[in-house]
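Colleague: Residues per chain are reported as follows:
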Amino acid sequence: MKKSVWTRLLLAGLLTTVAALSLAGCGSDKETLHIYSWADNFDPDVLKDFEKQYDVKVTYDNYANNEDLLAKIKAGGSGYDLIQPSDYMVKTMIDLDLLEPIDMNNIPNFENISETFKNPEFDPGNQYSIIYTSGVTGIAYNKKYVKEDIKSWDDLWNPAYEGKVLLLDDNREMIGMALKKQGKSNSTTDEAEIKGAEEELKTLLPNVLAFDTDNIKQKMIQEEGWIATVWSGDASFIAKDNPDVAYVVPQEGATIFSDNYAIPKGSKNKELAEKFMNYMMDPEVSAKNYEFIGYSNPNTKAMDFHTEEYRSDTMINLTDEELGRTEWLKDVGEALQTYDRSWNELKSGR
Amino acid sequence: MKKANHPLLGIHYVLMMVFIYLPILMIVIFSFNNTRLSGNWEGFTLDWYVSLFSNRYVMEALGNSLTVALVSTVVSTVLGTLAALSIRKWSRKGRAGLNGLLYLPVIIPDIIMGLSLLVLFSQMKIDPGKMTIIIAHITFSLSYVYVVVSARLANMGRQLEEAALDLGASRWQTFRHVTLPQISPGIIAGALIAFTLSLDDFMISFFVAGPSSTTLPIYIYGQVKRGVSPEINALCTLLIIVSVILILLAQYVLNRGRGQKKHKMLPM
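Quick note, the sequences are listed as chains A and B, same order.
Adding 598 to a residue's 1-based position in the first sequence gives its number in the numbering used here.
Adding 8 to a residue's 1-based position in the second sequence gives its number in the numbering used here.
Keep in mind the hints are simulated off the structure, nothing from the lab.
Bear in mind that the values here come from a model prediction, so they are computed numbers and not experimental data.
Treat the hints with care, as some may be off.
[To be verified] The list that follows gives simulated cross-link-like pairs (lysine-lysine, DSSO-like), each with its CA atoms no further than 30 angstroms apart: (1) A/Lys672 to B/Lys133; (2) B/Lys101 to A/Lys655; (3) A/Lys628 to B/Lys101.
[Stated by the list, open to error] Here's a subset of chain A near chain B, in silico, CB distances under 8 angstroms, partners left out: (4) His632; (5) Ala637; (6) Pro642; (7) Thr657; (8) Tyr658; (9) Asp659; (10) Asn660; (11) Ala662; (12) Ser676; (13) Tyr678; (14) Gln820.
[To be verified] Cβ-Cβ distance ranges computed for the label pairs, FRET-style: (15) B/Leu90 to A/Gly723: 56 to 64 angstroms; (16) A/Glu789 to B/Pro15: 56 to 64 angstroms; (17) A/Gln651 to B/Leu188: 34 to 42 angstroms; (18) B/Val232 to A/Gly674: 49 to 57 angstroms; (19) B/Leu188 to A/Glu629: 43 to 51 angstroms; (20) A/Glu698 to B/Ser94: 29 to 37 angstroms; (21) B/Leu257 to A/Glu821: 44 to 52 angstroms; (22) B/Leu257 to A/Leu694: 45 to 53 angstroms; (23) B/Lys101 to A/Asn769: 30 to 38 angstroms; (24) B/Leu90 to A/Glu629: 38 to 46 angstroms.
C-beta: ideal position from N, C-alpha, C; glycine also.
Excised from the complex, chain B in its bound form (with noise of 0.2 angstroms):
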């Protein structure tokens, strides 16, 4: 038996998509207006992707944010999932306990993080930069990391690595041949998570940040206030398109093999 929906649901629905994709979708047409004032629309180019590309302080700070974002991400997936695998073997309260601690940095606001971090450094001081980042970006990654890890971890179940260790496995061949494999699509998901936060962080690199440091979002912020330029809406397009290829690469990876339960990242 069918369900018939209210006629008003598909209406809020439709409001609803509007409401959140309009102002994306804005930036993305006007990254193709021929004109400088953002206005009206006057016509189709590619002048702001090229100019983009021969802007010098652009093109570092596209540099510094793949740094940040590739050594950031590699830590972060080492260490959380170092972390999700060795709380496992805890005692159930143990783990209820550092599990809260390490979800913690998920729900702290950006902006107590960035600004604790920044007392942290500077009491140790330690010179902003792009190494403070870096360590910035991995405080928060990590937690991600470990909840994408621990979260396969608790589905996949002990019952296949005891059999491994009982047919003679060693420790380490358990781990390589049975546990890695089963939780290889959440390290990769949760790196893919971490890449993704780390390239988009405005607010705590913004604490953290010092000389010839500036990420992409810091750059974007500082043009902001001097008027919205077509090359920044050009930036945003393609900041926007790597995000949602790599959240929906996680998704992907996530979701392999898994047959009926699906994650969902992205109303896809």
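Pulled out of the complex, with its shape left as it was, chain A reads as follows (with noise of 0.2 angstroms):
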């Protein structure tokens, strides 16, 4: 009796064994386009529709920020056919030699695309990266708190917001604020301005009430905090759980940032991701797949598409003139040291 208990026991154990192994090993014979990007970054429907439409299949992955991609891609081999790395990492990218130009020929939908977002300076006439979205770092805050009129990062200074702040965990993002503020450039490799900035910051802690990037959303919403430095697509997002919550892009400029389609070296399926860009693009698939995550489309035919409250809400649909004030970050090089330092001594100094 005992002996036919183990030899099932073991029976089994192999069957497990190969059922998993073949299942693991051999998927379907379709051309697979593998996407590697942020968490809930793509409608799912809209890429049903494209698997579907091109008889393909897509498989999806996430990273949590532009490091943990830099370092997968970097290892080499990863075989994902299409990232989406932010400005700032293009850049990076393309100086490391890890990105595959884009093929326009491929991509006749890359007209579509706004002329405000064509060409930008990390990656200068889009051989390597189409942009996929887009959104400014300004100010957010609850109107039934907030009485003043907000035009200025001055307004985050102001001592009736004491303990009342909120402001995004980031180096770059908030000494770059500080930076704005005294009208210099969020970039700069000055360390006497870099410096400056800091000082400037410190004087603003008594008001901080958290450097927290993950649940700046939720404090707002809640009404934790009054006044915060917030993503514009993030700021959208507030605002349709608590309309009190306001969005300025603060007078003295601001910066912006993007996500980017780009194809990393050793893609197998080049042509697939070129194609699915392409698909993406189109005005009308576009705006579904916008509609669906909330953040600024910079497709201009796919307005007609959209829904008359996605195209109403200024948050995502920054002006020209709003976008006029920004400035991207730049690779600061050497710098970053300095920044890294002045951020340490700012953040241990609460």
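Two independent chains are provided; combine them into the complex using the hints.
Modeller: Quick look at the structure:
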């Protein structure tokens, strides 16, 4: 009796192994596009439509920040066909020769993209990247508590908001903000200017409730914080749950950022990746996708297909005048150490 | 004579328990919270569990996690048990050395293990994916299985096997009818531990993962940056429950027929 139990157990084990190995080993024979991007960055239905229309398979894995992405791609042989690095990471990856040039002949829909977002300074001529979405780090504030008309970064320093200001937990963003406030470039490499920004931020500390990138949305929605440095897309998200929250791009200017399509070197399905980008830039598809994810759509032709609610959202659709006041974060090279030092001193000084 | 505990010790005990279990309890509670924002309690709901199971990416991650855990458990259990059995026959000195080498992966920080495996795989031009995750998980699970099984073997002693051989049993018969039944609780416990570890591992999997091999922990990590949704709380709650059940099961199996000397893996 006992014998049969063991034999059966062994058999079961072997069968599981074989079954699982075969499951792990072979996928379907269909052409497969391997996407590596931020979580929830596409409408799942749009991906499904693409799979159906082109009879292909799409896989979608997530990373949590640009540095994780860089590590993965740098290690080589990652097997991904399409990635979505942010602006500065596109530049880094171009410099490290990690990106495949994009063949624009395969992407006729590129012409639908707004001129504002073509030919960005981190990738002149769109050789390696195409914009996916963008936003501006501005000020979100709750009108219930903040009665003043917010126009400037100065307003964060208002003593009336003691302990109610939320800041992003991000070195370059926050020092960049202080630099902007002082009328400097957010990517200065001048040590004295960086130091000056650090001193400026130190005087803001009594007002600061928290440095928190991950929960800043929740904290604004629940009114723990009254006023915060927030990405425009997140501001729109907050305002949907808490209509008292307004958003402004401060008059001194602000930092603009973007996520972009790019093809990593070593992609085995480069053409499929280009086909996918072209599909995503089709006006109707594009509208459907951005309605779902709720970020800014750089596709001018898609506006006709968007809902009134999306079109009238001033946090998603920033004006040219607002965008004109913005500046990209640039690679600061060696000066990054000065930024790091200032940032650490600032945060340990709390 | 009963020694009275100092009352402060009692308070310390309670505080310690709160410290350890409060965060876990919060996740479980908020997985039933009827609001998308995690801050306030707005009533009971099972919606998050429902939407969890209709989410294609969660289900894919779950499938990957289970595949990896099953395969790596079976392979590492067989290999780990064989290792424990063969090393037992070695001289004391050789055994000590090999023991040390096999224990090492238990102690090596995950991050180093992940990195070294990544370097190895990319040097060998092996495409990252489910297969590399499985290999990586076998690598560390092996040690745990070995540790548990060899402890069981050491407790067993040689007398029964020697008696069986004296009485005319072949080596295979001795193994099948004497050794294996004796160590089987150790093997099963080792397998359950391997399964749990594989299911929970983030760091090593993260390094060696490739396209369409996102496991549950990697998925959760990617999601958290976008703000913790209650779906994630629900997912974590399920993972906690599965892990606890498996560990309890391992503990139960390991203790079967052990009388006084009980292994304790959980404070229960």
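Colleague: Quick check on asparagine 660 of chain A please, does its C-beta sit within 8 angstroms of some C-beta on chain B?
Modeller: OK, holds: asparagine 660 of chain A within 8 angstroms of chain B, min 3 angstroms.
Colleague: Given a cut of 8 angstroms on the nearest C-beta pair, is the interface hint for tyrosine 678 of chain A held or broken against chain B?
Modeller: 6 angstroms, holds
Colleague: Please check whether glutamate 789 of chain A and proline 15 of chain B have a Cβ separation lying inside 56 to 64 angstroms.
Modeller: Holds: the Cβ-Cβ distance is about 58 angstroms, inside 56 to 64 angstroms.
Colleague: Per the hint of 29 to 37 angstroms, is the separation of the Cβ atoms of glutamate 698 of chain A and serine 94 of chain B within bounds?
Modeller: 49 angstroms, violated
Colleague: Confirm or reject the claim that glutamine 651 of chain A and leucine 188 of chain B have a C-beta distance inside 34 to 42 angstroms.
Modeller: Once the Cβ atoms are compared, 56 angstroms apart, the range 34 to 42 angstroms for leucine 188 of chain B and glutamine 651 of chain A is violated.
Colleague: Would you mind confirming whether the straight-line C-alpha gap from lysine 628 of chain A to lysine 101 of chain B stays at or under 30 angstroms?
Modeller: 55 angstroms, violated
Colleague: Would you settle whether the hint for aspartate 659 of chain A is holds or violated, based on the nearest Cβ-Cβ distance to chain B being less than 8 angstroms?
Modeller: 5 angstroms, holds
Colleague: Taking 38 to 46 angstroms as the stated bounds, is the beta-carbon spacing between leucine 90 of chain B and glutamate 629 of chain A within them?
Modeller: Check passed, 42 angstroms falls within 38 to 46 angstroms.
Colleague: If you check the beta carbons of leucine 188 of chain B and glutamate 629 of chain A, does the distance land in 43 to 51 angstroms?
Modeller: 48 angstroms, holds
Colleague: Classify the hint on alanine 637 of chain A as holds or violated, based on whether any CB of chain B lies nearer than 8 angstroms to its CB.
Modeller: Constraint on alanine 637 of chain A satisfied, holds at 4 angstroms.
Colleague: Next item in the hint list is threonine 657 of chain A. Is there a CB on chain B closer than 8 angstroms to its CB?
Modeller: 4 angstroms, holds
Colleague: For lysine 672 of chain A and lysine 133 of chain B, compute the direct alpha-carbon distance and say whether it is at most 30 angstroms.
Modeller: 14 angstroms, holds
The structure does not agree with the numbered hints 2, 3, 17, 18, 20 and 23 stated previously, though it agrees with the rest.
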